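Novice: The whole structure should be built from the sequences, with the hints applied where relevant.
Just add 237 to wherever you are in the sequence shown, counting from 1, and you've got this note's numbering.
Among the clues, some could well be false.
Unchecked claim - Derived pair list, reagent style SDA-like, types lysine to any residue, alpha-carbon separation capped at 25 Å:
id, residue 1, residue 2
1, 407, 387
2, 407, 361
3, 438, 268
4, 394, 458
5, 312, 372
6, 273, 245
7, 340, 449
8, 374, 317
9, 394, 416
10, 372, 465
11, 438, 317
12, 257, 271
13, 438, 416
14, 407, 456
15, 374, 286
16, 326, 312
17, 394, 495
18, 372, 411
19, 326, 516
20, 394, 354
21, 394, 370
22, 508, 469
23, 374, 255
24, 326, 518
25, 438, 408
To be verified - Pairwise CB distance ranges (calculated):
id, residue 1, residue 2, range
26, 243, 338, 30 to 36 Å
27, 458, 256, 44 to 50 Å
28, 243, 433, 47 to 53 Å
Note that these hints are calculated values from the structure, not bench results.
Keep in mind it's a predicted model, so treat the numbers as computed, not measured.
Virtual Cβ for every residue (Gly too), placed ideally from N, Cα, C.
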Amino acid sequence: MVSKLTEIRTSEILRIIREKKSTSRVQIAKLTGLSKPTISSIVNDLVEEGVVRENGLGQSKSSGGRKPINISFAKDYRNVLSVDIGGTKSIFALIDLDGNILKRDTIATDLLRTERGLVDELNERLESYIEGVGKEKVLGISLGIPGTVDRATQKIKYMPSFDIGDLDLKTPVEKKFGISTLIENDVTLAAFGESWIGSAKEYNDVILVSIGTGIGSGIVINDSVYRGCVGGAGEIGEFVTDWSTESKMNTGFGRLEQWFSGYALESFSRKNGWELSVKDLFE
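Specialist: This is the structure:
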């Protein structure tokens with residue numbers, strides 16, 4: 238069994254290899270302060286597993302000596318299946334370990350409106366992707382949902398645009414495919430993506446606000462996703478703006494969302510007799 242110390246060291250070495258794009262065992266030893274035998278042992282294991290690959294010889298020192306072997310992270314070592322379930326459309330994507338999209342499909346969310354329809358459509362489309370690349374190539378599955386998620390159980394607490402709550406998607410997906418599955422708020426995942434490889438990658442602290450069918454935000458603090466004690470951090474759609482008016486609001490959407498969101502715009506259109514969807518309205 239791999240010791241906790243070796244696990245920590247391996248994680249740190251892998252992080253350096255990913256960030257440097259191309260480096261060597263010698264450079265890693267200098268950056269970490271670990272001995273060359275320790276570095277070589279860990280890197281050799283990563284190369285054997287296929288996570289890291291060797292890319293020929295680098296430059297030797299001006300004083301001479303053996304040329305170091307360049308190594309880099311194998312972004313195609315495995316893939317991840319990512320699903321973004323939105324209020325009006327849902328996106329299925331296959332990505333490599335550097336976050337590059339290899340394949341994607343967009344479908345109307347109407348197919349996922351019921352609990353049964355959601356599970357069936359997920360299973361059918363995920364199965365198609367898995368068959369295409371092979372189960373052994375899929376490292377994990379991530380499901381971004383427009384609602385709140387219980388941190389401890391990863392059960393979906395509530396999705397207002399679907400009016401579905403207390404739903405366990407993790408267990409049936411993992412049971413069917415035998416692949417580790419993460420359930421997370423969609424905007425939280427978006428904030429993490431922007432801080433990792435997107436517009437906010439230069440910053441340690443990020444708040445991303447998403448205005449769609451509803452309103453939400455994702456928070457990253459010191460390069461780590463912040464979810465709050467029960468997983469509800471960032472749910473700005475719940476903000477109260479005028480309690481004298483909003484105290485009687487009882488729909489599934491938050492109080493701010495009922496004033497300002499895709500849902501609010503559609504409600505406004507209906508009340509005024511306009512037969513326009515939000516998409517039509519903006520066009």
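Novice: Quickly compare the C-alpha distance for residue 326 and residue 312 to 25 Å and report which way the hint goes.
Specialist: Since the Cα atoms of residue 326 and residue 312 sit roughly 28 Å apart, the hinted pair is violated (cutoff 25 Å).
Novice: If you draw a straight line from the CA of residue 438 to the CA of residue 317, is it 25 Å or shorter?
Specialist: holds (21 Å)
Novice: Measure nothing beyond the straight line between the CA atoms of residue 273 and residue 245; if it is 25 Å or shorter, mark the hint as holding.
Specialist: Within the cut-off at roughly 17 Å; holds.
Novice: With the threshold set at 25 Å, check whether the alpha-carbon distance from residue 374 to residue 255 stays at or below it.
Specialist: holds (19 Å)
Novice: Taking only the CA atoms, is the gap from residue 374 to residue 286 under or equal to 25 Å?
Specialist: Judged against 25 Å, a Cα distance of about 13 Å means the pair holds.
Novice: Checking one constraint from the list: CA of residue 407 to CA of residue 387, max 25 Å. Satisfied?
Specialist: Answer holds: residue 407 to residue 387 is near 12 Å, not above 25 Å.
Novice: For the pair supplied as a hint, residue 312 and residue 372, is the alpha-carbon distance within the 25 Å limit?
Specialist: Holds. Residue 312 to residue 372 sits at ~17 Å (cutoff 25 Å).
Novice: I want to verify a distance hint. Is the separation of the beta carbons of residue 243 and residue 338 within 30 to 36 Å?
Specialist: The hinted range 30 to 36 Å holds for residue 243 and residue 338, with Cβ atoms some 33 Å apart.
Novice: Just to be careful, I want the Cα atoms of residue 394 and residue 354 compared with a cutoff of 25 Å; is the pair within it?
Specialist: holds (18 Å)
Novice: Taking 25 Å as the top limit, are the C-alpha atoms of residue 508 and residue 469 close enough?
Specialist: The given pair, whose Cα atoms are some 31 Å apart, is violated under the 25 Å limit.
Novice: Against the 25 Å threshold, does the CA-CA distance of residue 257 and residue 271 hold or violate the hint?
Specialist: holds (17 Å)
Novice: Residue 407 and residue 456 were given as a pair; does the straight-line alpha-carbon distance stay at or below 25 Å?
Specialist: holds (23 Å)
Hints 10, 13, 16, 21, 22, 25, 27, 28 from the earlier list are contradicted by this structure; the remaining hints agree with it.
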